[in-house]
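Here is how the chains run, residue by residue.
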Amino acid sequence: MDLNLTPQELAFRGEVRAWFAANVPKDWVKRRNAEESMQARFDYLRAWQRKMFDAGWAGVSWAKEYGGRGASLMEQVIFIEEMARAQAPPMANVLGLGLIGPTIIAYGNDAQKKRFLQKILSAEEIWCQGFSEPNAGSDLAAASTEAKLDGDHFVINGHKCWNSYAWAADWCELVVRTAPDKHKGLTVLLVDMKTPGVEVRGLKQMSGESEFCEIFFRDVRVPAANVVGQVNDGWRVAMGTLMHERGTFGAALQVNYRRNFQRLVEIARERKRTDDPIIRQKLAQMYAEIEVMRCNQMRAFSRINETGVPGPEGSIQKIFWSELNQRFQQVAMDVLGPYGQLAHGSEDAFDEGQWAYGYLRSRGNTIEAGTSEIQRNIIGHFVLGLPKSY
Amino acid sequence: MQFGLNESQKILQSNARRFFGTECPMAEVRRIMETETAHDEKLWRHMAEQGFLGVVIPEDAGGMGLGMVELAALSEEMGRALVPGAVISNLLAASAIDAAGSKKHLAEIAAGKTKATLALLEATAKWDPEAVAMNGLSGEKMFVPDAGIADVIVVAARDRGELALYMVDGKSASRTLMPSVDLTRRLYKVAFNGGGELLARGDSARKALDHALDVATVALCAEMTGGMQRTMEIAVEYAKTRKQFGKPIGQYQAVQHQCADMFLWTESSRSAAYYAAWALDAGIAEARSAVSVAKVYASDACREVGNRGVQVQGGMGFTWENDTHLFYRRAKASEIAFGDATYHRERIARLVIDQARSEAVNV
Chain A
1 MDLNLTPQEL AFRGEVRAWF AANVPKDWVK RRNAEESMQA RFDYLRAWQR
51 KMFDAGWAGV SWAKEYGGRG ASLMEQVIFI EEMARAQAPP MANVLGLGLI
101 GPTIIAYGND AQKKRFLQKI LSAEEIWCQG FSEPNAGSDL AAASTEAKLD
151 GDHFVINGHK CWNSYAWAAD WCELVVRTAP DKHKGLTVLL VDMKTPGVEV
201 RGLKQMSGES EFCEIFFRDV RVPAANVVGQ VNDGWRVAMG TLMHERGTFG
251 AALQVNYRRN FQRLVEIARE RKRTDDPIIR QKLAQMYAEI EVMRCNQMRA
301 FSRINETGVP GPEGSIQKIF WSELNQRFQQ VAMDVLGPYG QLAHGSEDAF
351 DEGQWAYGYL RSRGNTIEAG TSEIQRNIIG HFVLGLPKSY
Chain B
1 MQFGLNESQK ILQSNARRFF GTECPMAEVR RIMETETAHD EKLWRHMAEQ
51 GFLGVVIPED AGGMGLGMVE LAALSEEMGR ALVPGAVISN LLAASAIDAA
101 GSKKHLAEIA AGKTKATLAL LEATAKWDPE AVAMNGLSGE KMFVPDAGIA
151 DVIVVAARDR GELALYMVDG KSASRTLMPS VDLTRRLYKV AFNGGGELLA
201 RGDSARKALD HALDVATVAL CAEMTGGMQR TMEIAVEYAK TRKQFGKPIG
251 QYQAVQHQCA DMFLWTESSR SAAYYAAWAL DAGIAEARSA VSVAKVYASD
301 ACREVGNRGV QVQGGMGFTW ENDTHLFYRR AKASEIAFGD ATYHRERIAR
351 LVIDQARSEA VNV
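Line by line, the protein sequences are chains A and B. With this note's numbering, the residue at position 116 of the first sequence is 116, and numbering never jumps. With this note's numbering, the residue at position 261 of the second sequence is 261, and numbering never jumps.
So here's chain A without its partners, still in its complex pose:
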């Protein structure tokens, strides 16, 4: 058992750290908390991604032949951690880089790779996902947005929701129904968001922002050449996409959680609450859980590194980080007392009202990217071998 980085990994980390130190805009943290239109924010992040792309840092995990750096798993983890440590702005095309690009690489044909991958990396084309529907959330295979073949085009009619960044997106990875069989009648299509018949409407979240949207499709014509993989094989492709939501995703989290924890301790000192035995217990519990999350992650990465395949211990990650954050946000409320409820714009709020926002936003953590209930079903059936409950 050896948790030290190799000399090559250390060298890579040094290179990444130096680049971020020299290139992360100094005004970002203040700007991040300030009021700004969604479009202006997005343009800023798009320009930031372009800067990273020009320096060769977009898509580090992608193979070199697709414009990436072919980074090993450990290097990807190091990169993500350093980006979080440097408090760098996120890249605008987060779904393109993290989900759709890898999907096209794994399941797409050469023409699609040539057409789409480079522009994902440079943020020239922004991507969103069209998976969930009002009647198909946890039960994704119940999707009913239909695609009917008409010559060499599919005609799409339906309604998708919870689509993050759809308002900014140029393209969409869309799951459609092409045959009645529940799991064998789905197809993944790449859809140009400017196609006539596509309408995007914002959905306002309980935390106040409208990060996500719903998308209406009315007789939208998409070339059949835009099928990823095979017609009616979309379930496999969609599952492949969702698998990418696990893996290295958690690497930034523990850096961010530790930073949030340190800030909360500072606030507790400012509010003279660090001698309160109950506050001490709650803060120490959060420290312990953040550390345990980090231990779980190291173990999960190590397993994938050695075997190429995630182990059962990987299945607890999503439950762990999402439920931990909710507990953490509540501890923050305990530390802040009445100040915790002060929202953005209140001059007496700590950190421009980010804590009140974080508290509300955390309710979405146990729902997005696979609900806690679904995650427990997955552990129960696929890990423990209990009969499927549904």
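Keep in mind that the hints were calculated from the coordinates and are not lab data. Just so you know, even glycine gets a beta-carbon here, dropped at the ideal spot from N, CA and C. Warning: the hint list may mix true and false statements.
[Said to hold, decoys possible] Dumping the calculated DSBU-like pairs for lysine-lysine here, alpha-carbon to alpha-carbon at most 35 Å: (1) A:K113 / A:K64; (2) A:K114 / A:K64; (3) A:K184 / B:K207; (4) A:K26 / A:K148; (5) B:K207 / B:K103; (6) B:K10 / B:K171; (7) B:K42 / A:K388; (8) A:K388 / B:K10; (9) A:K51 / A:K182; (10) A:K388 / B:K103; (11) B:K10 / B:K42; (12) A:K26 / A:K204; (13) B:K103 / B:K243; (14) B:K42 / A:K272; (15) A:K119 / A:K194; (16) A:K184 / A:K114; (17) B:K171 / A:K184; (18) B:K207 / A:K272; (19) B:K247 / A:K388; (20) A:K272 / A:K30; (21) B:K113 / A:K182; (22) A:K184 / B:K10; (23) B:K103 / B:K42; (24) A:K194 / A:K184; (25) A:K51 / A:K30; (26) B:K171 / A:K182; (27) B:K243 / A:K388; (28) B:K171 / B:K207; (29) B:K189 / A:K182.
[As the list claims (entries may be wrong)] Computed Cβ-Cβ distance ranges for the label pairs, DEER-style: (30) B:V181 / A:E266: 51 to 57 Å; (31) A:R263 / B:D128: 26 to 32 Å; (32) B:S204 / A:S164: 32 to 38 Å; (33) A:Q330 / B:I11: 44 to 50 Å; (34) A:M239 / B:Q244: 31 to 37 Å; (35) B:K42 / A:R263: 56 to 62 Å; (36) A:K272 / B:S14: 51 to 57 Å; (37) A:G202 / B:V181: 17 to 23 Å; (38) A:K184 / B:Q244: 50 to 56 Å; (39) B:S14 / A:P387: 46 to 52 Å; (40) A:I367 / B:G315: 49 to 55 Å.
Following the hints, put chain B in place on chain A, whose structure we already have.
Relative to the frame of chain A, chain B by itself:
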């Protein structure tokens, strides 16, 4: 980065599983726990022959000279098999002697010929070494594990106000059983009346005691993980076979989700325990907080895994015949030993909050 056992550690662990499967099945556990001391001399000698009693005792002192990760791997198997008796007490005492720079008794301890324990708590029942108050070897220690069979007792006391460690002949002390919930490990009140050998004093006593407690705590966390694993397996097996309303009860989400929680708590405890083991071996700055993190998590986890383990098995989970309560009792004692979650959270708070520039939290 490699988080997990290497080949030789895996072999050690699977050998241990086979050994305990043969030498200490649950029927044996039940037999041994009915004896006066919960100690079985034959099992003890066989464990010694395997090297199990001297894993981290240095080779030149008669031990195996292995590291904390090997110790954790072995301890996990012992917890899974619910091995009764003095293994942890022995480890604690031997680690204190070794950390104090002595080699006394170590070879005999590793060989299984000398059994040892460490007396720390007094009537105030505080785990912090600062709370030790007994003046010299005159007074009473409480909650001393396995004192009934101990040939040597390492005693924490005060010598002219300074913390000191002594070694006392176990037979010379007056030992009274404190009947407790864990039937597989006995606790004793021990009355001392002089006649011991000074092992360490002042700073060196404190360092030796701290180190011994860290080693024993990590081994205990790994042992607790093994117990959680077995508790979960028993419950899941039941949930697969017990049918009600025409279906195995494990098919109902209320039951299935409790099993999923047991899995999450067990796996997380495992990650934390092995990390702490590695941290102690690697001597990193965060090693002490890593030990407390492991004990915080495992303490709460083993209680909750035990609770779910009983609940999932319904009425059957509540019976004496079911092994679940034996693991449950051990879990309670382990939760308490060397400081419970509340104690270790306070220890973390001191390391992580009280230091003005926290070294332990380094983003």
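Going through the hints against the structure:
Between K113 of chain A and K64 of chain A the CA atoms are separated by roughly 13 Å; this keeps the pair inside 35 Å, and the hint holds. Taken as a hint, the K114 of chain A and K64 of chain A pair is honoured in the structure, with Cα atoms around 13 Å apart against an allowance of 35 Å. Taken as a hint, the K184 of chain A and K207 of chain B pair is broken in the structure, with Cα atoms around 65 Å apart against an allowance of 35 Å. Restraint check: the Cα-Cα separation between K26 of chain A and K148 of chain A comes to about 51 Å, which exceeds 35 Å; the hinted pair is violated.
In summary, the hint linking K207 of chain B to K103 of chain B is supported, as the alpha carbons are separated by about 16 Å, within the 35 Å threshold. With a C-alpha separation of about 39 Å, the suggested pairing of K10 of chain B with K171 of chain B is violated against the 35 Å cut-off. The suggested pairing of K42 of chain B with K388 of chain A is violated, with an alpha-carbon distance near 46 Å, which exceeds 35 Å. Distance check on the hinted pair: K388 of chain A and K10 of chain B sit about 32 Å apart at the alpha-carbon level, within 35 Å; holds.
Distance check on the hinted pair: K51 of chain A and K182 of chain A sit about 43 Å apart at the alpha-carbon level, beyond 35 Å; violated. Restraint check for K388 of chain A and K103 of chain B: the C-alpha separation of about 57 Å exceeds 35 Å, so the hint is violated. Restraint check: the Cα-Cα separation between K10 of chain B and K42 of chain B comes to about 26 Å, which is no more than 35 Å; the hinted pair holds. For the suggested pair K26 of chain A and K204 of chain A, the alpha carbons sit about 30 Å apart, so the restraint of at most 35 Å is met.
Note on K103 of chain B and K243 of chain B: the hinted pairing is violated, with a Cα-Cα distance of about 58 Å set against a maximum of 35 Å. With a CA separation close to 58 Å, the supplied pair K42 of chain B and K272 of chain A exceeds the 35 Å bound. A hinted pair counts as satisfied when its Cα atoms are at most 35 Å apart, and K119 of chain A with K194 of chain A qualifies at roughly 16 Å. This hinted pair checks out: K184 of chain A and K114 of chain A have alpha carbons roughly 28 Å apart, not beyond 35 Å.
Proposed proximity of K171 of chain B and K184 of chain A is contradicted: the alpha carbons are some 75 Å apart, above 35 Å. For a cut-off of 35 Å, the pair hint linking K207 of chain B to K272 of chain A stands: about 32 Å separates their Cα positions. For the hint linking K247 of chain B to K388 of chain A, the alpha-carbon distance of about 11 Å falls within 35 Å, and the restraint holds. For the suggested pair K272 of chain A and K30 of chain A, the alpha carbons sit about 26 Å apart, so the restraint of at most 35 Å is met.
The suggested pairing of K113 of chain B with K182 of chain A is violated, with an alpha-carbon distance near 68 Å, which exceeds 35 Å. Restraint check: the Cα-Cα separation between K184 of chain A and K10 of chain B comes to about 42 Å, which exceeds 35 Å; the hinted pair is violated. In summary, the hint linking K103 of chain B to K42 of chain B is supported, as the alpha carbons are separated by about 25 Å, within the 35 Å threshold. Distance check on the hinted pair: K194 of chain A and K184 of chain A sit about 29 Å apart at the alpha-carbon level, within 35 Å; holds.
Distance check on the hinted pair: K51 of chain A and K30 of chain A sit about 20 Å apart at the alpha-carbon level, within 35 Å; holds. In summary, the hint linking K171 of chain B to K182 of chain A is not supported, as the alpha carbons are separated by about 75 Å, beyond the 35 Å threshold. Between K243 of chain B and K388 of chain A the alpha-carbon distance is near 14 Å, which keeps this suggested pair within the 35 Å criterion. Pair hint K171 of chain B plus K207 of chain B holds up; C-alpha atoms about 27 Å apart against a cutoff of 35 Å.
As the CA atoms of K189 of chain B and K182 of chain A are separated by approximately 68 Å, the hinted pair breaks the 35 Å bound. The hinted range of 51 to 57 Å is not satisfied by V181 of chain B and E266 of chain A, whose Cβ atoms lie roughly 42 Å apart. The beta-carbon spacing between R263 of chain A and D128 of chain B, approximately 30 Å, falls within the hinted interval of 26 to 32 Å. Checking the proposed 32 to 38 Å range against S204 of chain B and S164 of chain A shows it is violated: the Cβ atoms sit about 59 Å from each other.
Range check, Q330 of chain A to I11 of chain B: Cβ separation about 45 Å, and the 44 to 50 Å hint holds. Between M239 of chain A and Q244 of chain B, the C-beta spacing of about 33 Å keeps the proposed range 31 to 37 Å intact. A hinted range of 56 to 62 Å holds for the C-beta pair K42 of chain B and R263 of chain A, which are about 58 Å apart. Distance hint for K272 of chain A and S14 of chain B: a CB-CB separation of about 54 Å, consistent with the stated range 51 to 57 Å.
Evaluation of the 17 to 23 Å hint for G202 of chain A and V181 of chain B yields a failure: the beta carbon distance comes to about 58 Å. A beta carbon spacing of about 34 Å between K184 of chain A and Q244 of chain B contradicts the range 50 to 56 Å that was offered as a hint. As the Cβ distance of S14 of chain B to P387 of chain A is approximately 30 Å, the hint placing it in 46 to 52 Å is violated. Between I367 of chain A and G315 of chain B, the C-beta spacing of about 36 Å breaks the proposed range 49 to 55 Å.
Checked against the numbered hints given earlier, the structure breaks hints 3, 4, 6, 7, 9, 10, 13, 14, 17, 21, 22, 26, 29, 30, 32, 37, 38, 39, 40 and satisfies all the rest.
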